[in-house]
Structures are given as structure tokens and as C-alpha cells.
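As given, the protein sequences belong to chains A and B, one line each in that order. For the first sequence, the working numbering begins at 1 and goes up steadily by one. For the second sequence, the working numbering begins at 1001 and goes up steadily by one.
Take these hints with a grain of salt, some might be off.
Quick list of simulated restraints, FRET-style, between CB atoms [stated by the list, open to error]: (1) B:Arg1114 with A:Pro132: 55 to 63 Å; (2) B:Pro1042 with A:Asp263: 48 to 56 Å; (3) B:Arg1077 with A:Gly135: 48 to 56 Å; (4) A:Val253 with B:Arg1077: 54 to 62 Å.
A few chain B positions that, by computed beta-carbon distances, are all more than 12 Å from chain A [said to hold, decoys possible]: (5) Ser1013; (6) Gly1060; (7) Ser1062; (8) His1191; (9) Ser1242.
Hints are computed from structural coordinates only; laboratory data are not their basis. Ideal placement from N, C-alpha and C gives every residue a C-beta, glycine not left out.
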Amino acid sequence: MPDGRSKQDEAPPLDAPEPAGSGARGGLLRAMERHLAGFLLPLLVVIIWEIAARAGAVNTLLLPPPSRVLLTLGQAAIDGSLWVNLGYSVRRWIIGFAFGGGVGLLLGALNGLSLRSENFTDTTVQMLRTVPFMGLTPLLVMWFGLGETPKVILIAVASFFPVYVNTLAGVRNVNKGLVEVGQSFQLSQAELLYRVILPAALPEILTGIRYSLGIAWLALVIAELMAAESGIGFWLMQGREAVRVDIVLASLVVFSVAGKFMDAALRLVERRVLHWRNAFSGS
Amino acid sequence: MSQFVSVRHVGRSFASRGKSVTALSDVNLDIKSGEFVVLVGPSGCGKSTLLRSISGLDLGYSGEILVGGQPVRGPDRSRGLVFQEARLLPWLTAGANIAFGMKAGAREKRERVRELLDLVGLAGFEDAYPHQLSGGMAQRVAIARALAPRPSILLMDEPFGALDAFTRIKLQDAVRDIWRSQGVTTVFVTHDIDESLVLGQRVVIMSARPGRISEILDVDLPYPRDRVSEDFAKYRNRLLNSFGLH
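Bound conformation, chain A alone (with noise of 0.2 Å):
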């Protein structure tokens, strides 16, 4: 400005607020409350489940001391079992979800973008969508086996529904306003899609991936009770035949940590990639 008068107009917001926290002391008595206020109520379960186990009140061969469970996880960890089984279910999990996942995203934005191929599609996707994935098992058993491809398959049926319909979605969302700017600048269809849909879709398309990525673990699971030479799942049905509550308890807390582990990080993902959205974050 030549004048110079225009410079201060609005008072630039940039100190975002920041969520509270006023004074040390204060703000780190909330801050642990926010992260281990919820697992007290854990914690204490585990305690009283471990005390009674070892005052006899349970019967042991049934419900093991969660000692118990923590040192055959210990074992299984250090003999190496754990890792290479996890690795198993791990590689399952992304191969599946791969496939799933990148045709949902694929189909979820043609989708979004065309309405023809909407009309032409979306209905049957509704209909399969409606179909609990692990009705499957036993037809993906008769058709392939007992192999890795009838896993695979189950774990990419179910992460595809999530992406899909959080792509078609977000994609339907994305401002119209935005897309003429995009217009106004003479983008051609591929640029408008990756340098304004895509992005303005983003949120929703990671929430999807995210959920998806949870039904997946949870297909992992079933597939691999069906019938398995390695896996979490594996190490289960192994402890199930040794009637070994123990081993039956270690692979499920593995299951249990190992999502909440990767959901953490995806989590993460999402804030660094999203970080420029201005949007409620709970109060």
C-alpha cells in the first residue's frame, strides 16, 4: 500500500487459542488427567482381578493371574514367537487393506466426481454393504481354501465400505466455491481433482481409512480363527487346543494393543496432515 494506512486494519488472530493450561502447576495436573485419567478404571480391574486369582476366589485354570498372562507374553516375546506371529498378521492386515481400501478410495471418488457412474453403481454397493462380511468365511473357505487369499479377500471386503462411502462423501462436500476457483484458473478435470477435491476431501477420506483400518484388524481376526498356520490368530486357536486360558488372554491383549497402537498413529497422521483445519475440537 502506498500509504501504508491499510496495514493494520483487523488485528491478525494469530495466537490461536491454545487449550488452556494457566500457570505450571495447574496445567500439568490437567494435562496428566487428560492422558492417564482413563486408565484408572482399568488399572483397577486388573489389580482386583489379580489379587483375587491369587487368593483362590477364581479358578486359575480358567482365569490366570494377569501375572500370568503378562509373563507368557514375556516368553512369547523373547523366544521371538510373538514378533514373527505378529508380523504374519501385520502384512495380512496391510495387504488386504491395500486392496480394499485403494478400490474404495478409487470407486468412492469416480463416484463422487460422476453421476452417472453413481447411478450406475452406488446401488449395488448399498446392497453388498448390507451383507455382514464375516457371513463370508465359510463361502471364501469352499471357494479358496484355506490359504492366504480367502484372509485377504475378507480383510479387503471389509475395509472397503468405510473408504468408500467416507470418499463419496467428502467428495460430494467439498465446496463449490472452491471448485470455481479452481475453474477460474483454467485447471484441467486431473488437476481440479488432486489440487482442490482431493484435499477438500481429505478430513473425511482419513476418517474413512481410519475405520476402515479398524474393521480391517477386526476381519484380521476372524480370518485368521478360521484357519491359520501363523498369526496372532494362529497363536490363539493354539492355546485354545492346550486349553491355555493364558495364551488365549496373551494374543488377545496383543490384538487389543497392537489396534489401539496403530489407531494412536493414525491419529497422529491425521493431526500433521489436517493441521490447517480450524475446526471444534471438543471442549
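With chain A held as given, fit chain B onto it using these hints.
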């Protein structure tokens, strides 16, 4: 000087609940290169429709629109657009938003972005994200973005309609200064009578139902214009009269 924009017998109707609504009827307008023209009128007079037609975003009109002698067949990077909302891409910084429509190397982009941030009075805000900017600042970025590919004409559709009065006056001054220093032909749509008189060399007065041009007023006042001068008041009265408000 030759006519840069030429609007000939342009009409536009929309279908609304089975009925046809005429938004523009037989509109004729010539705009010279380098001119600042304001389209003013009540809502429903078709001023935004006319602007969108010139931009190429709306091609459903009848008649003919020529820009630089060429018929408008769609949006073009040589016609910069500013909307009522800033419409910044929220995942890009202010700098990246400004460079969004440019076809140039990284260095050239960076230099042009600096230059434009200076021009709109936002030097140093290159890395700010849209959610960190106020409405007025966001609109300044939007103006810079429209100017980035060096358009031959700047089309502004009620760009300050959503801003408070103080911010609006500052942005009017900014747009006036940009136009005077860059010499870019500007077509500016507003429903604010004072705004039209502060900015326009010519004020195109439009009326509604059907949308048409009722009068074109030459504003023979030097820039920067004094909003409280007697001459300004005379023009304001003339405008109010032609809208039947005085």
C-alpha cells in the same frame, strides 16, 4: 482506445420451479482497457450474473460477450476473479494460495508472491494459514491470488459485502491504489452506493425484474475521492434518485 470488453444484447434466464426467471435482459456494455467500471444495483438486478458471464463461469446467456475481441467460451487465466467470500484453499498458506493459479518456476512464484503480498499490504504473512487470517486479510490474499497470473482484467463480485464497515473502507482504498498502480481493467460489482462512487470511473446502474442497465453514470471526480465532499454528495443523490430512494 478500443473496447476491451464488449457485451452485446446479453440475456440470461434461469428455470426456477418450472418457471423461467429473467435475470438479464438485453444488456449492452462496453468497457475500455484500463477502465474501472462498477456495476451497482439492488439484489436480483443481475449484476453478479453479468459478471459471472464475463468471467466465463456462467455460459448460459444469450447474445454475445467479447473480451479482447474474442468470444468468452469459459473461464480464462487472463481474467482474474475475486468472489464475495475469499475462497482460499484452507490447506495452503497465504503464499501458496497466491501462487495457486500461476504457471511458473518456484523462484518466479516466490518473487511474485512477495511482490503481491507487499501490494495488498500483507508483507510477512506468506506462511499464515487462512484460518489465522481475519476476513479482510483473507480477502486481500484473494485479490493477490487473482492478480498473480497478471490478468488483463480483474472481475470482483461483491468482494467486500461480508466485511465490516471499517475494513471495507480500507479495502476500497487498497483496491483503488492497486488499480491505479497496476492499471488493470477492473469490473466491480456492489450493492453499496458509496462504494461504487469511491471506486468507479463509470457506474453502471442496474435495475431488477428483469435485470437491465438503466443508466450509466460518469463519475467525474479525482482520486482519491473525498467521501464527505459536496461533489460526492451530489453524485450520491443522483444515484439514490435513480434508484427511487431519494
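Range hint 48 to 56 Å (beta carbons of B:Pro1042 and A:Asp263) holds or violated: Holds, at about 55 Å.
Separation of B:Ser1062 from chain A, once the least beta-carbon distance is taken, above 12 Å: holds, 22 Å
Exclusion check [B:Ser1013 not at the chain A interface, CB over 12 Å]: holds, 21 Å
C-beta pair B:Arg1114, A:Pro132: status relative to the range 55 to 63 Å that was hinted: holds, 58 Å
B:His1191 remote from chain A - nearest C-beta pair above 12 Å: Holds: least Cβ distance 19 Å, greater than 12 Å.
Status of the given 54 to 62 Å range, CB of B:Arg1077 versus CB of A:Val253: holds, 59 Å
Distal placement of B:Gly1060 relative to chain A, Cβ over 12 Å: holds, 15 Å
Exclusion check [B:Ser1242 not at the chain A interface, CB over 12 Å]: holds, 31 Å
48 to 56 Å as the expected CB spacing between A:Gly135 and B:Arg1077, which holds or is violated: The hint (48 to 56 Å, Cβ to Cβ) holds, given that B:Arg1077 and A:Gly135 are roughly 54 Å apart.
Of the numbered hints stated above, none is contradicted by the structure.
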